[in-house]
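Novice: Protein chains in written order, with my numbering: chain E, 9 to 362; chain B, 4 to 244; chain U, 89 to 431.
Hints may be right or wrong, so weigh each one.
As the list claims (entries may be wrong) - What follows is a list of derived Cβ distance ranges for each label pair: (1) U:R230 - E:L231: 30 to 38 Å; (2) U:K307 - E:F313: 53 to 61 Å; (3) U:C129 - E:T309: 50 to 58 Å; (4) U:S330 - B:K232: 45 to 53 Å; (5) U:R230 - B:N5: 34 to 42 Å; (6) U:Q361 - E:V116: 52 to 60 Å; (7) U:S330 - E:L231: 50 to 58 Å; (8) E:F119 - B:I65: 54 to 62 Å.
Said to hold, decoys possible - In the SDA-like style, the derived pairs of lysine to any residue whose C-alpha atoms are separated by at most 20 Å in a straight line are: (9) B:K108 - U:M331; (10) E:K129 - U:M237; (11) E:K129 - U:I416.
What the hints assert, rightly or not - Anything over 12 Å on all C-beta distances counts as not near chain U; from chain B, calculated: (12) H21; (13) N102; (14) I123; (15) R150; (16) F171; (17) I172; (18) K184.
In case anyone wonders, no lab produced these hints; they're calculated from the structure. Here the structure is a predicted model, which is why all the values come from computation and not from measurement. Backbone N, C-alpha and C define an ideal beta-carbon position, used for all residues, glycine too.
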Amino acid sequence: MGRSLFSESLPKSRLVQLGLVLIIICLLLNPWLFGGTKVLGISAKICIFILLVASYDLLIGYTGIISFAHTIFFAVGAYGVAMSVQHFGSNWLSITVGCICSLILSAVVAFFLGLVSFRVKRIFFAMITLAIASAFAVFINQNIGITGGEDGMHVKVPSPLTPTFKLLDEKFFGVWINGKLISFYMVFSFTFVMILAMLRITKSPFGRILTAIRENEFRTNALGYTSNTYVIAILVMSACFATFAGVMLAITNRYISTETTITMQIMIDILLMVVIGGMGTIYGAVFGAAIVIVAQNYIPTILNFATSATVDTPFQVLFEHERWLFWLGIVFILSVYFFPQGIAGRFERRITGP
Amino acid sequence: MNIVLQLNDVNTYVDHYHILQGVSFQVPENEVTILLGRNGAGKSTTLRSIMRMAPAKSGEIILFGESTKARNTHEISNKGVSYIPENLGIFNSLTVEENMRIAAKHGGLNYERLNWIFGIFPEIKKFWYWPADRLSGGQKQMLAISRALIEPTKLLIMDEPSKGLAPFIVDLLLEVLQELKQLKTTMLIVEHDFRFATSIGDHVVVMDNGRVVYQAPVAEFSSNDDLQKTYLGLSLSSQNE
Amino acid sequence: MNKLKLRHSDLPTPIGIAWWTHQDTAAWLLIPCIMVVFLGCIPDMSSWLTLTVAGLATGMMLFIMTAGFNLVFGLMGVLNFGHSVFISLGAYCGFVVVNQNIPALMYDNIYLNLLLVASAAVFAMIIVSIVAVIFERLLIRRVYKNELMQILVTIGGLIVIEQVIYMIWGSESVIVPKPLALRGGWSSGDFVFEKYRILALVTGLLLFGSLLLIFKKTKIGLLIRAGVENREMVESFGYNVSMLFTAVFVAGAALAALGGVLWSFHEEEVSAQLGQSMMVAVFIIAICGGLGSIMGCFVTALLVGLLSNYVGYIAQDFVHYSTITLMIVILIWRPRGLIPLNK
Chain E
9 MGRSLFSESL PKSRLVQLGL VLIIICLLLN PWLFGGTKVL GISAKICIFI
59 LLVASYDLLI GYTGIISFAH TIFFAVGAYG VAMSVQHFGS NWLSITVGCI
109 CSLILSAVVA FFLGLVSFRV KRIFFAMITL AIASAFAVFI NQNIGITGGE
159 DGMHVKVPSP LTPTFKLLDE KFFGVWINGK LISFYMVFSF TFVMILAMLR
209 ITKSPFGRIL TAIRENEFRT NALGYTSNTY VIAILVMSAC FATFAGVMLA
259 ITNRYISTET TITMQIMIDI LLMVVIGGMG TIYGAVFGAA IVIVAQNYIP
309 TILNFATSAT VDTPFQVLFE HERWLFWLGI VFILSVYFFP QGIAGRFERR
359 ITGP
Chain B
4 MNIVLQLNDV NTYVDHYHIL QGVSFQVPEN EVTILLGRNG AGKSTTLRSI
54 MRMAPAKSGE IILFGESTKA RNTHEISNKG VSYIPENLGI FNSLTVEENM
104 RIAAKHGGLN YERLNWIFGI FPEIKKFWYW PADRLSGGQK QMLAISRALI
154 EPTKLLIMDE PSKGLAPFIV DLLLEVLQEL KQLKTTMLIV EHDFRFATSI
204 GDHVVVMDNG RVVYQAPVAE FSSNDDLQKT YLGLSLSSQN E
Chain U
89 MNKLKLRHSD LPTPIGIAWW THQDTAAWLL IPCIMVVFLG CIPDMSSWLT
139 LTVAGLATGM MLFIMTAGFN LVFGLMGVLN FGHSVFISLG AYCGFVVVNQ
189 NIPALMYDNI YLNLLLVASA AVFAMIIVSI VAVIFERLLI RRVYKNELMQ
239 ILVTIGGLIV IEQVIYMIWG SESVIVPKPL ALRGGWSSGD FVFEKYRILA
289 LVTGLLLFGS LLLIFKKTKI GLLIRAGVEN REMVESFGYN VSMLFTAVFV
339 AGAALAALGG VLWSFHEEEV SAQLGQSMMV AVFIIAICGG LGSIMGCFVT
389 ALLVGLLSNY VGYIAQDFVH YSTITLMIVI LIWRPRGLIP LNK
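Excised from the complex, chain E in its bound form:
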């Protein structure tokens, strides 16, 4: 049953399989393995980004289309839910309504972007999406009344998801089952299901046609498949998955802002994760998200250590707390060179040949 569920999309390399299982277990059992709200928060963020990055991989890994508009869909999902909850109260209905509205908006934007992509060259398309994403960011920042501007918005979630809610009256194997835990498992299972869905899509005939389009668009058209239709379909799908990730962010984080959704920083994070994890694999997103987010959270600690070690030397400025981006940039460049296929990709190649 496991085989059919995963529908031949299991990674072939033992090492990759092991890594995948390890990460899933760590995420699943993190309250018992590691404990604490910080780890829980990091795990939730990892799940959200797995979904977001996998949705991006669906686009870039399978069709080869480079887009910087992905953060738009993420933000739409987040802000849709936030605004809905603000106007209709914090209940499941308003969350669902917000979610559906966001999906519709994302689908429309993705559709429009798809139309644009046919008119211009691929590389133009990349820059255009950047410009449009920046327009969205400006819009969100300017309309403080609706979106809270740069200060962001708080999201009042239904009571089972709040930190003070307790499911059981006593600890479960040493851990309180509170709202935060519940919302984490909600995200985890949701992400899990979505990833399976994406895997199913890529292994289906639809997915195969996409790969054919990436390899040789002209030929695919000649065979009778209108490539444009497929490209638009995958754009819309990928946008919807990203929107779901945004919805999850709003619910678990209970606070959203442009900083956490639509900035260039987020887009760079996505790119980094997709590169490190491996493009065109979907489950590469698991590796990428896990590694980058864990690194992001523990690099400052390392930096602090280095700062104290280099105090009073001119090198101190290299290790200042705010300069972690510098090191991220170096890591970014190195991983593009040495991991061009990402972790999943690299080990896969060894098994399946040149």
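Guided by the hints, dock chains B and U onto chain E, whose structure is given.
Specialist: For chains B and U alone, kept in the frame of chain E given last:
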């Protein structure tokens, strides 16, 4: 006899297709070597491998006595090699004059040589200031050949120079190549036109499926109808019928 | 001596100027069009005049900042996401020169002031050129063919260099005051003509003119134009195109630095975010102008400059959207840019 160019067991991949599967042949000095073969045999790829535009994955290419393994295309060109690709490589956004200027790398346009070329192809002079993309196919071919001739060259490599040319221009071209032969130029020509090949060629190298299947002097090849039929699907005598 | 024995009577008349077509004229006409449109929107003639001059000056500076990116993209097919960091770095290098010569800011001598600005620019261009050589060798060389890798690697470079700027100069913005003789302007009623704008206009025009000249009349320009079309073929004639590309890349970076210096004096302030804030504008101008097209870049830069100034006056909030709308409109009309290279 000096060997200007030698290929030893050259293997070339284009993307992941194994095009050249162990190509070996020689190009002797001051003579014309014709590379024949069916479509898809790997002739153009061989030329591109020599020019290092499609670098060989394994095997050796020895040019003027030196291995070209670590050389770039421009270095090979500067050793005295001129190359006319099948698609001519005309710079369409430039004028005829500008195309010729680029070809005249060492020291600018030599007017004596230019006048010689004008004598052979008067249309180049006529369309001197025209944008190259306004030329007809045949005129572009003349321009491509003019570019290769504007500077003295030791090895001239051409990919189907007579393609699409009217018969009398082909005769003109043959005359030019004969003149070049007198001027001690070595030539390696890929051709389909059998008559053209045999009238100018000294040696024949036949390729099929990415390998060299036959090498001989032209006389031997043109007298052997069976060989011709096997490798080219036609023969000289049948062409004359 | 060996004069080319071509008499012009031998040749048919060249068909106009081979490189100017009707489509180009249509593109250039957009500039007066936009001026007239906003003449209608802005009731006050002298305000319109002020904005027009300001818009043209801004456009010139944008052109200088973008020309390099456009060239590199057009010739090498390389998308350098790090281009905008050359703008910031240039601006900061200019600041260094100004900072060392604060008293010179107070001389009321136009020539000395221009000398100060020029030295700031030259210093910036030299430093940025050095950085650009390293950037190209280390990062760009290896990813020539792969678009995605280019984007990623150059973003990485952008981040790293930007962080180095933070390390050297801190995260606060710095002040770059205009030298005395370049401050202020002349006014007549509501029309204000700032002196500094002349510098921007003149530099922009000079640069445009020289670039066109280099392109059309010199061997290097010839090689670049041919290389845009068919790099392999140019190499087969014996030219080291890799070195040519590096040279173009470095020139592009130097131009960005120049643009950054001019902009820094104009705004009288520089922050490390300067580059990122210019990035979107640079992209829009490059795409809408046409890959590798100097004229297209020039026209679009002026359009963007004018538009931002006009819209900024009427409705401040909509400036960003107006630029994007312009981009969409231009691309619908001409998907390959206003004046693409290969027609």
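Novice: Do the alpha carbons of E:K129 and U:M237 lie within 20 Å of each other, as the hint requires?
Specialist: holds (17 Å)
Novice: So B:R150 supposedly isn't at the interface. Is its beta-carbon more than 12 Å from every beta-carbon in chain U?
Specialist: At about 8 Å from chain U, B:R150 fails to clear the 12 Å cut-off, so the statement is violated.
Novice: Given the hint of 30 to 38 Å, is the C-beta distance from U:R230 to E:L231 inside that range or not?
Specialist: Holds - the Cβ-Cβ distance for U:R230 and E:L231, about 35 Å, lies within 30 to 38 Å.
Novice: Return holds or violated for the Cβ distance of U:S330 and B:K232 against the range 45 to 53 Å.
Specialist: Holds - the Cβ-Cβ distance for U:S330 and B:K232, about 47 Å, lies within 45 to 53 Å.
Novice: Do E:F119 and B:I65 keep their Cβ atoms within the hinted range of 54 to 62 Å?
Specialist: holds (59 Å)
Novice: Regarding the assertion that B:N102 does not contact chain U, is the least Cβ-Cβ distance greater than 12 Å?
Specialist: Label violated. Min Cβ-Cβ 8 Å, cutoff 12 Å.
Novice: Are all C-beta atoms of chain U more than 12 Å from that of B:H21?
Specialist: B:H21 is indeed farther than 12 Å from all Cβ atoms of chain U, at 21 Å.
Novice: Taking 34 to 42 Å as the hint, is the beta-carbon distance of U:R230 and B:N5 inside that range?
Specialist: holds (39 Å)
Novice: Against chain U, does B:I172 keep a CB gap of more than 12 Å to every residue?
Specialist: B:I172 clear of chain U: closest Cβ-Cβ about 21 Å, beyond 12 Å.
Novice: Okay, U:S330 versus E:L231 on CB: inside 50 to 58 Å?
Specialist: violated (39 Å)
Novice: Would the least Cβ to Cβ distance between B:K184 and chain U come out above 12 Å?
Specialist: Holds, because the least Cβ-Cβ distance between B:K184 and chain U comes to about 22 Å, which exceeds 12 Å.
Novice: Could you say whether the range 52 to 60 Å given as a hint is met by the Cβ separation of U:Q361 and E:V116?
Specialist: The hint (52 to 60 Å, Cβ to Cβ) is violated, given that U:Q361 and E:V116 are roughly 32 Å apart.
The earlier numbered hints that this structure contradicts are 6, 7, 13, 15.
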